[in-house]
Amino acid sequence: MLFLENIKLALSAIRANKMRSFLTMLGIIIGISSVITITSIGASAQAMINKQFESLEGGYMVLMINWRNTESIDYYADLFSWDDIEALKNRFPSYIRYIELMNLGNSSTTTKVGRLEATLSLYGAGADYNKFDKSIQIIHGRMINQGDVDAGRENIVIDVRAARQLFNKENVVGATLPATIYGDEKDLTIVGVYETPPSIFSGLMVETSYTCYVPISLMLGSDARSAYIEIFASDKDDPIVQAEAFLSYITKVKNKPADFYMYQSADEQISQVNTVLGTLSIALGAIAAISLLVGGIGIMNIMLVSVTERTREIGIRKSLGARTKDILTQFLIEAMILSSIGGIIGMALGMSLAGLGMSAFGIGVVIQPIVIVVTVIFSAGVGMFFGIFPARKAAKLDPIEALRYE
Amino acid sequence: MNPETTEIIKLQNLDKTYRNGNISVAALKKVNITINYGEFVAIMGASGSGKSTLMNILGCLDRPTGGDYFLEGIDIKEKTDDQLSFIRNQKIGFVFQSFNLIPRTSAFKNVELPMIYGKIPARDRKDRAVALLESVGLGDRYEHMPNELSGGQKQRVAIARALANEPTIILADEPTGNLDSVSSIEILEIFTKLNRDNGNTVIIVTHEPDIAKCTDRTITFKDGIVVEDARREEAV
Ligand SMILES: Nc1ncnc2c1ncn2[C@@H]1O[C@H](COP(=O)(O)OP(=O)(O)OP(=O)(O)O)[C@@H](O)[C@H]1O
Ligand SMILES: [Mg+2]
Numbered sequence: 001m002l003f004l005e006n007i008k009l010a011l012s013a014i015r016a017n018k019m020r021s022f023l024t025m026l027g028i029i030i031g032i033s034s035v036i037t038i039t040s041i042g043a044s045a046q047a048m049i050n051k052q053f054e055s056l057e058g059g060y061m062v063l064m065i066n067w068r069n070t071e072s073i074d075y076y077a078d079l080f081s082w083d084d085i086e087a088l089k090n091r092f093p094s095y096i097r098y099i100e101l102m103n104l105g106n107s108s109t110t111t112k113v114g115r116l117e118a119t120l121s122l123y124g125a126g127a128d129y130n131k132f133d134k135s136i137q138i139i140h141g142r143m144i145n146q147g148d149v150d151a152g153r154e155n156i157v158i159d160v161r162a163a164r165q166l167f168n169k170e171n172v173v174g175a176t177l178p179a180t181i182y183g184d185e186k187d188l189t190i191v192g193v194y195e196t197p198p199s200i201f202s203g204l205m206v207e208t209s210y211t212c213y214v215p216i217s218l219m220l221g222s223d224a225r226s227a228y229i230e231i232f233a234s235d236k237d238d239p240i241v242q243a244e245a246f247l248s249y250i251t252k253v254k255n256k257p258a259d260f261y262m263y264q265s266a267d268e269q270i271s272q273v274n275t276v277l278g279t280l281s282i283a284l285g286a287i288a289a290i291s292l293l294v295g296g297i298g299i300m301n302i303m304l305v306s307v308t309e310r311t312r313e314i315g316i317r318k319s320l321g322a323r324t325k326d327i328l329t330q331f332l333i334e335a336m337i338l339s340s341i342g343g344i345i346g347m348a349l350g351m352s353l354a355g356l357g358m359s360a361f362g363i364g365v366v367i368q369p370i371v372i373v374v375t376v377i378f379s380a381g382v383g384m385f386f387g388i389f390p391a392r393k394a395a396k397l398d399p400i401e402a403l404r405y406e
Numbered sequence: 407m408n409p410e411t412t413e414i415i416k417l418q419n420l421d422k423t424y425r426n427g428n429i430s431v432a433a434l435k436k437v438n439i440t441i442n443y444g445e446f447v448a449i450m451g452a453s454g455s456g457k458s459t460l461m462n463i464l465g466c467l468d469r470p471t472g473g474d475y476f477l478e479g480i481d482i483k484e485k486t487d488d489q490l491s492f493i494r495n496q497k498i499g500f501v502f503q504s505f506n507l508i509p510r511t512s513a514f515k516n517v518e519l520p521m522i523y524g525k526i527p528a529r530d531r532k533d534r535a536v537a538l539l540e541s542v543g544l545g546d547r548y549e550h551m552p553n554e555l556s557g558g559q560k561q562r563v564a565i566a567r568a569l570a571n572e573p574t575i576i577l578a579d580e581p582t583g584n585l586d587s588v589s590s591i592e593i594l595e596i597f598t599k600l601n602r603d604n605g606n607t608v609i610i611v612t613h614e615p616d617i618a619k620c621t622d623r624t625i626t627f628k629d630g631i632v633v634e635d636a637r638r639e640e641a642v
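Keeping their order, the protein sequence lines are chains U and G. Per the numbering used here: the first sequence = residues 1 to 406. Per the numbering used here: the second sequence = residues 407 to 642.
Since the hints were made in silico from the structure, they are not lab data. Do not rely on the hints blindly, as some may be mistaken.
[Unchecked claim] DSSO-like mimics (lysine-lysine), calculated; alpha carbons at most 30 Å apart, straight line: (1) K525(G) <-> K396(U); (2) K619(G) <-> K532(G); (3) K483(G) <-> K393(U); (4) K485(G) <-> K393(U); (5) K532(G) <-> K325(U); (6) K393(U) <-> K416(G); (7) K325(U) <-> K497(G); (8) K396(U) <-> K483(G); (9) K8(U) <-> K532(G); (10) K497(G) <-> K8(U).
[As the list claims (entries may be wrong)] Beyond 12 Å from chain G on every Cβ pair, some chain U residues (computed): (11) E5; (12) L353; (13) I372.
Where a beta carbon is used, it is the ideal one built from N, C-alpha and C, also for glycine.
Take these sequences, add in the hints, and give me the full structure.
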């Protein structure tokens, strides 16, 4: 029988039993919507993570104390100092593009200009840090430079939004900004203003403070110690190989057992996140698969009921010349359409759910068009798989017995 | 005349035994009937005498358990189920006592159905379905559902549907059994016209001698056996 006729027939059969059809689709709807939600959230999260590191130059890594293996540390002997930075710089001149101590921890400060107030988060930067982090686009003045770092000058580069909030204008180069750095009150001179190019996760963090850059030497002082070293290594060589080399060298310099220090690299973190997301997807994918299985069985069940209810109709059709194949395709297409409609509803639901969840983080969902195609084909496939048994049952009915059925 | 061309139906020692577990009912026993093209035949007999059983076999809905059935010279035994479907679709128009219209499906769609299975293009299907419904006097009822039609109207839709693929044989099993006398006469007129004007071979099962009187020939069954096969004088 003609394909189009079968589709019309299936739709009218589904319409004739709206509630029942909807309940039958529910399993498929839940299955497909969870698959879509999971894959959309996964893809969005992945895009976000990758994007986060994307603004950074390649070869980004942090050497650090391995806190997990460390019960107590000696502040002067175990933490990193400027001497360690020099040692690494001298040992790997052609690999290290940027290396500085890194300050983590509380460095936020509230500053006041007249009546206006803003909270700044101070980041200790080496010279020309903006060359390595593309989210820093200097629009007025300049970035912290080598002179600032060498002399520990009391200079600062501020976020354009902080400038607007504190001064009601953008070009505030030369202005003075009072700030507290680790307890010391200082009057910093603004040497530059930067802005961050907008990206899909611009709204991701509800920002309560603005990141501003000061010379790392000002931040930490000349006798500084830090548990972290920030490095941009060569982006032409394997970051892991380089990180291992830096790590084993610094361990030797500090005369410490292996595992006392460790590193984290951007590449490694991306792959870690991807692994976690991958595992999550598999676990949730399994749940989704089970709900699809249940949904498929639901379709099989309702199709069996439908075949029984319509035994007489099948008998009439056969008496009018329907062949085995005609009845088979009729019921198969009905099962496939039932489950495809469920799939489409599930897809819409899943996308809305993913969109809702992502918008809580201020991110747009990444919807892959391939997902839509795969969903429709896949749900039709589920319908076909679970519809084949009832359809065969219908097709094999003996015409005269089907006509006699009451 | 060559008998090959005059015989449309030929039954030879036809048996039909129903088996349900260890109970078996012989519904037809050694039936021999030959029907020629263009005949108008009434089948009569008491309830349970095997009339419907015979009609189902003639309509290729069921198979005999013994003997032979030749339809236009074709040995039905040799045919697969799908081939029988094709024969039903092309050669036979079946009209049932209980109408057997497909529920929740318009009169028009019901009439169109055999043509869909017969792979007739959509345009021709529409035209023919409209023409058929008009010819049975239902020109204004295309979109009506079966439950919106009277018994007589339902049976007329069923007749229109039976004629969809221009079959040579019309089989009607008590077509007026569920109808009042006025509707019965109208339905019978349609069958008479089909036989007289359209040249169809019409076989009709009935309990009413008045109806049987309108036909050329009456075959009477009793307990699965043909007990009488009478042709009316003017037809002989
Ligand atoms: N599916 C079946 N299984 C078992 N026995 C059957 C079956 N169908 C019919 N019979 C039996 O075969 C015999 C003939 O039945 P059939 O339906 O052909 O009678 P009929 O002449 O059409 O009767 P009526 O005038 O009441 O319609 C009956 O005894 C009936 O009980
Ligand atoms: Mg009967």
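State the violated hints by number, sorted upward, taking the hints as numbered earlier in the document.
-> Those not satisfied are hints 2, 6, 11.
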